[in-house]
Every structure is written in structure tokens, then in C-alpha cells.
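As they're listed, the protein sequences go chains A and B.
The numbering of the first sequence is the working numbering, which starts it at 3 and goes up by one.
The numbering of the second sequence is the working numbering, which starts it at 1186 and goes up by one.
Since the hints were made in silico from the structure, they are not lab data.
Check before you lean on any hint, since a few could be wrong.
[What the hints assert, rightly or not] Partial list, derived from the structure: chain B residues whose beta carbon lies under 7 Å from chain A: (1) 1321; (2) 1390; (3) 1392; (4) 1434; (5) 1441; (6) 1448.
Glycine included, C-beta positions come from ideal geometry on N, C-alpha and C.
So you can see what is in the structure, the chains are spelled out below.
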Amino acid sequence: MSALSSHAILNRLNKGDLVISPILNSDQIGESSVDLRMGTVVMVARAGLQSHVEPSAYLKATNLDHHDSVKDRKQKHDRFDIPFHKPFLLHPGSLALVPTLEWVTLPENLQGVVTARSSWAREGLNIATATIVNPNYRGIITLELANLGEIPIMLYPGLRLAQIAFYELTELPKGSTKKQKNKPQFDMNFEPEAGDIAKHDQCFIPRKNDDNKAESHIKIVQQAPQLITTPPRNLFCRILTKLTSG
Amino acid sequence: MTNHQSVLASILNDELFTPSAHFSTQDTISAWVFSNTAPEAVQKQVAILNAKGIVEKEFFTKYASLPAWLEEILCDLLGLLIFGPSYIGAQCNLLLSMEPSGLYLSKTHPPTALRINLVLNAAKALGYDSIAFDKDVAPHAKAFWDGVNSLIQPSDWFNVFAEESIKNTLTALQTYLSSFEKTLYPIHDKEILQQLSRQLFKLIPPVGNCYNAEGEPDCKEVDFRHILYAGWIASEFDPQNLNFAMVNRLCEHGIMQQNAISLFANREK
């Protein structure tokens, strides 16, 4: 696997097999990366009625996925549309999902890696993880922004917050062409979405019948104070859940 | 009535309504509605009005509003001149989804079929359908125009305005609107339309993302109305895999991105 230079990136962009659209000017292309700008949507993670992020809430086996009592168990994201020239204030300690302005389409032999731009990182803005963008991906890229500083950071759509570098795969993934053909027609990302933390890990997450065990373990680990601070409605939901689960 | 409204109303009155045998006065329009050459569905509605005691001369005093009817026709022509071909796609889809027959005698709107016939004849007069696209885009543009033209009602009863009269009206409206910057649809940007359409065919939001001869990024400002027209062309590309909702979403995203391109392009102005 080798990283693409600016020349190689431009070649690919001109050929059209790699798409980053729009690139507003050539300054956006670095030695071996392309700067990514903030889009016009922000999704802020907020504490809902849950005391903690619980993977079992993301299991899809339940028929109650869309019921409010189940939704309440997942972490919430408030969605904000931020027009150009309007600010978004990212407070210390908060997490926001932000789409890139750019639309990205990767060919089957390229992988992208997204990182924060160092100038922003020095201000406390952190892109929580180095995001890997898989070959054949198509859509906006979701940036997970966290403010690790002590004061809020004002962000404006259009600012260059992140950068993406590209790595050529030495060998194509097995069955990549077949997989691409079988992609569902709506497999395009226009906006950030909450992830599915239970995906492919269901076997490690206790199901409904095991809820009591899981709950009791949490109580021991967290030594109760966490539960005491939970909002009353959540306690009510927990009691209800326990009663209905027998 | 504002100055704009009175200027526009007088253009329509002088160029479109007065020369029309059927739309020159309130009485001639009523006579047209009540004529025995009207489609059967219209004649049935007229019979119901008659049964309610509304006779021909009372059509616009006891039932419909003439100013509202005439204003709708003005708005249709303005919509066409300002938004371009995308207006036709939107108008045909919206109006016929609400009233599929197009023959309903509304109190506030002239029959939908009359409006669609007028707008499509006007689009032809403006040359909207005559852009000679390259062979990868042309079949889909043709499919769009064939689709909307198939909605034309063949009955002459709906064609109340002569071709010459429609042309004169459009010319007069264009002359008036051209004094307002960026108001008229910028017709015949073939290359831009093709680029936007091709982006959509590849499931990329349509924007002026270009590269110059040296291969460096060189974004262009693109009028959002071209994005909308490209969307209608692309909706005929591969409806199985690129359906209307997807095209709509890609165009919406493209318009947002184009806003950034414009802000960046004008940063020093």
C-alpha cells in the first residue's frame, strides 16, 4: 500500500476515477492530501434518557426498534442546519458529527484516511479518530469533531477542518466488484448518521433476557452514583422495562 | 397593485389576451367555457353549474374569479422565463398529481390542461427544447421533452392563444425582465448542462467542479436553474438505479455546494 502524492491525486481527479467535488482551488491540495471543508449540517451528540451508551440498544432483533421507549435507550443526536456565514459553537467536551462539504467517490483500489488539520488541532479541535474511508465509498465524509480545549470553538461551514490522504491498495479486495454491484441503490451518504455500534458484534452483547445480568454488572462497575444522577423518567423506563421483561 | 404588477398585467393584456378570440374579454372567456366544442368533461361541469342556476354570463360573477385566472397565466409565463425548463417539469408533475384530468373548472385557476398547453407552446417558442446535446445526454433530454409534450391536450379547445401572440408576449416579458439582473433563465449553456447531467449520471452532486488545461482545480459559478434542468434530464437516465428522489437529493446537495463555490469565487469582490 502506498500513499498518493499531490500529482497522483490530481491525475486521478482529472481522470475522474477519484472524485472530490468541489475543490475550490489548488491550495486545497497538499503534498499528499486534500483539505476537506465543513458542510452545512451539524449533529450534536447529547445525553438523552440513558445513563450510558448501551450496545444492546442497537441490536436490531427487537420488533420495538421504532418505539419511543426503545429509542430513548440510544444516544441522541440533535440536527442543526448551519447556513454559510452562520456560526456553530462547539463547546468543550462536546461531540459533533459534521459532514464534509465535498462529495467523495473512491475507486475500488483506493482507501482514504481522514485526519484533523494540525492548525485546528492546536486550537483543541480534534477529529476523534483517523477515519478510514473504504474503497468504492460514495458520499460525504462524516467528521467526528470534539473540542478538547477549555473554551468553545466557533466553526463556520466552508472552513477547512480536515484532510484526506489516499493509499493505493496493493491488491483488490476479494469480490470487490461483486460487492459493488450488489450495493443497495440508496447507498450514498448525504448527511452524518449515528453509527451502529452493535453491527456484527451481536454475539458479545447480552439480549433482552440477559438484560438483568448486564444491568447488575453495570451497577457494580459504576458504583451506583451514575445511576442516581439519571433523570427520573429514565428510572421509570428501567422499572417498566424490568417489569415487562418479567 | 405594484408598478411591476401593472406593467406585467398590461403586457399580458396587450400581447396575449386582447388578440385572443377566446380570452379578449370576460364575456368571450365565459363563452369559451360554455361552448359546445368543449371536452365532454368540461360540458358536464357546465351542466352542473347550469343546474345551480349559474348561466354563461354569470360564470365570472357568481362562480370563478377572472383576475385570479389571468394572474395564474401570467405567473406560468413568468415561472417559465425565470426558472427555465425545470419549471415545466415541476409544473406538469405538481398540477397533474393534484388533478390528473387537467379539465377541472376551478374558481381560481384556469383549467390545468390549458396552462400546460400554453407553457409547453411557450417553451417551444423560447427554444428550450432545441439544445443539441452530445449523444450521451441527448437521448435523456429528448425523453424529458417527449414526456412533457405527451401531456399536451390535442383538442383545439385548449389552445386559446395563437403562436404569434405567445411569442410577442414572451418577447415583451423578456424585455421587461432583462432590466433585473439574473432574473431571466440563462438559456443555452449547453456545455454546463452537459457537465451537470454527466455528474448526475455518475451519482455525483451537479456543480461547477472543473479542472483547467493544466489539470488544476478551476471551479465555475453555475446558475442553480441549470442544476434543476440537469436534474430533470438525469431523472430519465436510468430510473431503476437513479430514481427521482435520488436525483432530487443530489441536486439539493449540488446547490448547497454551488453556494460555497460562489462565495469562494466572489471572496475578493
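Each hint tested on the structure:
With a least beta-carbon distance of about 14 Å to chain A, the hint placing residue 1321 of chain B at the interface is violated under the 7 Å criterion. Satisfaction of the interface hint for residue 1390 of chain B is found here, the shortest Cβ-Cβ separation to chain A being roughly 5 Å, below the 7 Å cut-off. The beta carbon of residue 1392 of chain B is positioned within 7 Å of a beta carbon in chain A (closest approach about 5 Å), and the interface hint is therefore held. For residue 1434 of chain B, the shortest C-beta to C-beta distance to chain A is roughly 6 Å, which falls under 7 Å, so the interface hint holds.
With a least beta-carbon distance of about 6 Å to chain A, the hint placing residue 1441 of chain B at the interface is held under the 7 Å criterion. For the restraint placing residue 1448 of chain B at the interface with chain A, the shortest Cβ-Cβ distance is roughly 6 Å, inside the 7 Å limit, so the hint holds.
Hint check: a violation occurs at hint 1 only; the rest are consistent with the structure.
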